[in-house]
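Residue 0 is where the sequence shown starts when you use numbering that gives the first Met the number 0, and the numbers rise one by one after that.
It is possible that part of the hints are untrue.
27 Å max Cα-Cα, derived DSSO-like pairs, lysine-lysine [claimed, not checked]:
no., residue 1, residue 2
1, K66, K7
2, K63, K17
3, K121, K79
Hints were generated in silico from the structure; no laboratory data involved.
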Amino acid sequence: MVKKVFQKRISEIRDKFKGKNIIISLNSANFFGQDSYKSRQIRGNGVLVLTQEELYFEMWHPKKVLKIPTTTILKVEITKSFLRKSVFRKLLKVMFQNENGEEEAAAWWVSSLDKWIEELEKVKQ
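Input sequences plus hints: build the corresponding full structure.
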């Protein structure tokens, strides 16, 4: 039901990638936040897309966007929690260099976690 409510929003986000080579994507990734924002952020669902150029996340609501150029990805790993938040499932954690040259991290709960890890490892090389 939640997915139906946000179907228009999902379509709007996915339209940004028409004509682009999407390696892997998920319409309902659960965002756990960015390390630098600590507890001053909202956790939520959104669309996660990996292309050769970037890992792109856009939340359904509010409209939060996170773009991580694949050239800045430092490490990809599995974690059980992020920023003291957990859903008692394994999470995808991506460490990257932000625009200020500092190390940053973000995490999501995604289905097909092993596939996400595999594809991210390929593009970051």
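Hint-by-hint comparison with the structure:
no.	hint	result
1	K66 - K7	holds, 21 Å
2	K63 - K17	holds, 20 Å
3	K121 - K79	holds, 23 Å
Checked against the numbered hints above, the structure breaks none of them.
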